[in-house]
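Using the sequences and the accompanying hints, generate a full structural model.
Line by line, the protein sequences are chains A and B. If you read the first sequence in the working numbering, its first letter stands for residue 223, the second for the next number, and so on. If you read the second sequence in the working numbering, its first letter stands for residue 13, the second for the next number, and so on.
Certain hints may be false.
[Claimed, not checked] SDA-like, lysine to any residue: derived pairs with alpha carbons at most 25 angstroms apart:
id: 1; chain 1: A; residue 1: K260; chain 2: A; residue 2: S291
id: 2; chain 1: A; residue 1: K259; chain 2: B; residue 2: Q53
id: 3; chain 1: A; residue 1: K260; chain 2: B; residue 2: K26
id: 4; chain 1: A; residue 1: K227; chain 2: A; residue 2: K276
id: 5; chain 1: A; residue 1: K278; chain 2: A; residue 2: H298
id: 6; chain 1: A; residue 1: K227; chain 2: B; residue 2: H111
id: 7; chain 1: A; residue 1: K260; chain 2: B; residue 2: P82
id: 8; chain 1: A; residue 1: K278; chain 2: B; residue 2: H111
id: 9; chain 1: A; residue 1: K260; chain 2: B; residue 2: R76
Please keep in mind that the hints were generated in silico from the structure rather than gathered at the bench.
Okay, here's what each chain looks like letter by letter:
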Amino acid sequence: DQQVKQNSPSLSVQEGRISILNCDYTNSMFDYFLWYKKYPAEGPTFLISISSIKDKNEDGRFTVFLNKSAKHLSLHIVPSQPGDSAVYFCAATVPNTGNQFYFGTGTSLTVIP
Amino acid sequence: DTGVSQDPRHKITKRGQNVTFRCDPISEHNRLYWYRQTLGQGPEFLTYFQNEAQLEKSRLLSDRFSAERPKGSFSTLEIQRTEQGDSAMYLCASSLTDHYGYTFGSGTRLTVV
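Right, dumping it as structure tokens:
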């Protein structure tokens, strides 16, 4: 049962434009959401997070938006750079579970120079 | 600090053999997590430790899987009587208590032939 879904396996964007990566979830108990970035042959690296009490969190070029009613979150990267080319995973956790995360299947972003 | 280290990076084993993987977390991190990632999927939670205590193990995939973290430092994940379906990337991560963003290691890729 996939509780976190990333329905776009891949995305290509021109350098300098906006990249929008989407994620949907089914469990209304999720209270914290993260995005991870993964390069080949490396483990995922933490990128940005958002609590369910917020609808937006920004960190430099990265902004995460949360729409609880739609059970949807998105990651915006502006402007996109070639070094952003990687696989992006969204993940979510339920409170009081020791931060066990449920991950989506990932979206492979390619930023074209 | 060199981050989270996992050993070996690659392991090829014959079906029915036992394998053990090691994870060395960031030294001050008291939480340690194990995840499994199969091709085309996101990481899947297996188990976690708070110091030396294993606080969740119900999501280990079968009773062939076990993990330890003696003295709250490094951890080992053992798979007994390996099956071809166990072929995957096994990821270890660590964090401070109640810090949502993990630091992942680069993983151990297991191939069962």
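Each hint, compared with the structure:
1. K260/A x S291/A: violated (29 angstroms)
2. K259/A x Q53/B: holds (14 angstroms)
3. K260/A x K26/B: violated (29 angstroms)
4. K227/A x K276/A: holds (20 angstroms)
5. K278/A x H298/A: holds (11 angstroms)
6. K227/A x H111/B: Distance of about 24 angstroms is within 25 angstroms: holds.
7. K260/A x P82/B: Distance ~30 angstroms between K260/A and P82/B Cα, so the pair is violated.
8. K278/A x H111/B: Measuring from Cα to Cα gives roughly 19 angstroms; hence the hint holds.
9. K260/A x R76/B: violated (29 angstroms)
When held up to the earlier numbered hints, the structure conflicts with 1, 3, 7, 9 and fits the remainder.
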